[in-house]
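There are 4 protein chains.
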Amino acid sequence: MALLQLTMVPMGEGVSVGDYVAEIKRRLEAEKAVFHLQDMGTVIEGDISYLLKLLGKIYETPFEQGAVRVVTNIMIDDRRDRAVHLGDKIVSVTER
Amino acid sequence: MALLQLTMVPMGEGVSVGDYVAEIKRRLEAEKAVFHLQDMGTVIEGDISYLLKLLGKIYETPFEQGAVRVVTNIMIDDRRDRAVHLGDKIVSVTER
Amino acid sequence: MALLQLTMVPMGEGVSVGDYVAEIKRRLEAEKAVFHLQDMGTVIEGDISYLLKLLGKIYETPFEQGAVRVVTNIMIDDRRDRAVHLGDKIVSVTER
Amino acid sequence: MALLQLTMVPMGEGVSVGDYVAEIKRRLEAEKAVFHLQDMGTVIEGDISYLLKLLGKIYETPFEQGAVRVVTNIMIDDRRDRAVHLGDKIVSVTER
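Protein chains in written order, with our numbering: chain A, 398 to 493; chain B, 398 to 493; chain C, 398 to 493; chain D, 398 to 493.
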């Protein structure tokens, strides 16, 4: 099970890109995804096959909103020895 | 003003690395840094000169704990037109 | 058209992970992908729909080789105003 | 010894940012740094204390050229068990 952090940076669209993030948020809600908006990206939980399929669905969002060039950063933490949920790691570290 | 997300992945130290994150957390607290632990890394706020100096201070942490090889990912969102604080972007997007 | 940089870091598998990179290379060759091995990852060129499908095919590689936890970093530079090929940007910058 | 990949993406400066990369290249040459321009960033070799100091010197480059907001991605592969040089990993993998 995995967590996937998605950060999409449209270039040439001005310095404020909150409208792009807001539209990704709406689409993730429509997909009933389990996710957190965070300061440096949106983190989504699920199995990798689900996450990659979801990525394919939302990836076009900024282009559909008019962006011509987008630099995307994705970080995936995927472990197969146990379930992984949003917030787990923070609880685990805080308890040490 | 900037936000810096720091993710350090020690290799060859087993699949659980919470002790490494916990030690970075302790050092950031000792430095009185303004930061959030998040699922995919630790996000710290401040001016870039402060953040790079702080990075230099905490970067050695996993090596001091015994790691021989560490892959580090850093993402910095630095804007000079206004102040940037942890959580601001999430509030901004949620209000749209 | 896009470039996608893929960096997969298996945790708990020792500090040397060249065998994992070599297997990804073999699979990309079998897929006849256009790619470069680089110091910090493998960069592949193509349209995004092709690249995401290819990612789905090779992503399981380190898990099939025994890794239990893998941290993956993906950077995509996708522009829709013109074709993008491996090496183009370096030529463009060097000529300035 | 470490390799550091630096990718700076100025926002709101148009979709072509080769002038920014070219200026970073000039400054790295002036510093006599050992580096490679690559498709997804510039990779520099050295000890981490040297690399972080160098980062401090070149980080302001796009802001000095007029950018107001820059998203920077840095990936560091730092191992303490042996020397690491640009191109080593590619040779090692190709020989397998």
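Derived by calculation from the structure, the hints in this document are not laboratory data.
Keep in mind that a hint or two might mislead.
Here are the simulated distance ranges between beta carbons [stated by the list, open to error]: (1) D:Ser413 to A:Glu461: 16 to 24 Å; (2) D:Ser446 to A:Glu492: 31 to 39 Å; (3) C:Ala427 to B:Val412: 35 to 43 Å; (4) A:Ala480 to B:Glu461: 42 to 50 Å; (5) C:Thr491 to A:Lys429: 23 to 31 Å; (6) C:Glu426 to B:Tyr447: 27 to 35 Å; (7) A:Arg479 to B:Ala419: 44 to 52 Å; (8) D:Glu492 to A:Leu483: 37 to 45 Å; (9) C:Val412 to D:Glu492: 17 to 25 Å; (10) B:Lys454 to C:Asp485: 21 to 29 Å; (11) C:Glu492 to B:Ser446: 29 to 37 Å.
Result set (SDA-like, lysine to any residue): computed pairs, CA atoms no more than 20 Å apart in a straight line [what the hints assert, rightly or not]: (12) A:Lys422 to B:Val490; (13) C:Lys454 to A:Leu451; (14) A:Lys454 to C:Lys454; (15) B:Lys429 to A:Gly484; (16) B:Lys454 to B:Val490; (17) B:Lys450 to D:Ile445; (18) D:Lys429 to D:Gly409; (19) A:Lys450 to C:Lys450; (20) A:Lys422 to A:Arg479; (21) B:Lys422 to A:Leu451; (22) B:Lys454 to D:Lys429; (23) B:Lys422 to A:Arg493; (24) B:Lys422 to A:Lys422.
Partner residues are not named here, just some residues of chain B that face chain C (Cβ under 7 Å, in silico) [claimed, not checked]: (25) Met408; (26) Val412; (27) Val465; (28) Arg466.
Glycine residues also receive a C-beta, built at the ideal position from the N, C-alpha and C atoms.
The hints, checked one at a time:
A beta carbon spacing of about 22 Å between Ser413 (chain D) and Glu461 (chain A) agrees with the range 16 to 24 Å that was offered as a hint. In this structure the supplied range 31 to 39 Å holds for Ser446 (chain D) paired with Glu492 (chain A), their Cβ-Cβ distance being about 34 Å. Roughly 29 Å separates the CB atoms of Ala427 (chain C) and Val412 (chain B), a value that falls outside the hinted 35 to 43 Å. Checking the proposed 42 to 50 Å range against Ala480 (chain A) and Glu461 (chain B) shows it is violated: the Cβ atoms sit about 32 Å from each other.
For Thr491 (chain C) paired with Lys429 (chain A), a C-beta distance near 48 Å fails the hint of 23 to 31 Å. Checked against the hint of 27 to 35 Å, the pair Glu426 (chain C) and Tyr447 (chain B) fails, with Cβ atoms roughly 46 Å apart. The hinted window of 44 to 52 Å between Arg479 (chain A) and Ala419 (chain B) is violated, with their beta carbons roughly 19 Å apart. Between Glu492 (chain D) and Leu483 (chain A) the C-beta distance comes to about 42 Å, which sits within the given range of 37 to 45 Å.
The hint said 17 to 25 Å for the Cβ distance between Val412 (chain C) and Glu492 (chain D), and at roughly 18 Å that hint holds. In this structure the hint that Lys454 (chain B) and Asp485 (chain C) lie 21 to 29 Å apart at CB is violated, the actual value being about 39 Å. The hinted window of 29 to 37 Å between Glu492 (chain C) and Ser446 (chain B) holds, with their beta carbons roughly 34 Å apart. A hinted pair counts as satisfied when its Cα atoms are at most 20 Å apart, and Lys422 (chain A) with Val490 (chain B) qualifies at roughly 9 Å.
The suggested pairing of Lys454 (chain C) with Leu451 (chain A) holds, with an alpha-carbon distance near 16 Å, which does not exceed 20 Å. Between Lys454 (chain A) and Lys454 (chain C), the direct Cα distance comes to roughly 17 Å. Compliance with the 20 Å bound is thereby established for this hinted pair. Using a Cα cut-off of 20 Å, the hinted pair Lys429 (chain B) and Gly484 (chain A) is violated, with the two alpha carbons roughly 23 Å apart. Between the alpha carbons of Lys454 (chain B) and Val490 (chain B) the distance comes to roughly 33 Å, so the proposed pair goes past 20 Å and is violated.
Using a Cα cut-off of 20 Å, the hinted pair Lys450 (chain B) and Ile445 (chain D) holds, with the two alpha carbons roughly 13 Å apart. Pair hint Lys429 (chain D) plus Gly409 (chain D) does not hold up; C-alpha atoms about 31 Å apart against a cutoff of 20 Å. Distance restraint check for Lys450 (chain A) and Lys450 (chain C): the Cα-Cα separation of roughly 9 Å lies within the 20 Å cut-off, and the hinted pair is therefore satisfied. In summary, the hint linking Lys422 (chain A) to Arg479 (chain A) is not supported, as the alpha carbons are separated by about 27 Å, beyond the 20 Å threshold.
The straight-line distance between the Cα atoms of Lys422 (chain B) and Leu451 (chain A) is roughly 32 Å, outside the 20 Å bound, and the hint therefore fails. For the hint pairing Lys454 (chain B) with Lys429 (chain D), the CA-to-CA distance comes to about 25 Å; that exceeds 20 Å, so the pair is violated. Of the pairs offered as hints, the one joining Lys422 (chain B) and Arg493 (chain A) holds, with about 10 Å between alpha carbons and a cut-off of 20 Å not exceeded. Among the hinted pairs, Lys422 (chain B) with Lys422 (chain A) is inconsistent with the structure: their alpha-carbon atoms are about 29 Å apart, more than 20 Å.
Given hint, Met408 (chain B) at the interface with chain C, holds; its Cβ is 5 Å from that chain's nearest Cβ, closer than 7 Å. With a least beta-carbon distance of about 4 Å to chain C, the hint placing Val412 (chain B) at the interface is held under the 7 Å criterion. Interface hint status for Val465 (chain B): upheld, as the beta-carbon distance to the closest one in chain C is roughly 5 Å, under 7 Å. Satisfaction of the interface hint for Arg466 (chain B) is found here, the shortest Cβ-Cβ separation to chain C being roughly 4 Å, below the 7 Å cut-off.
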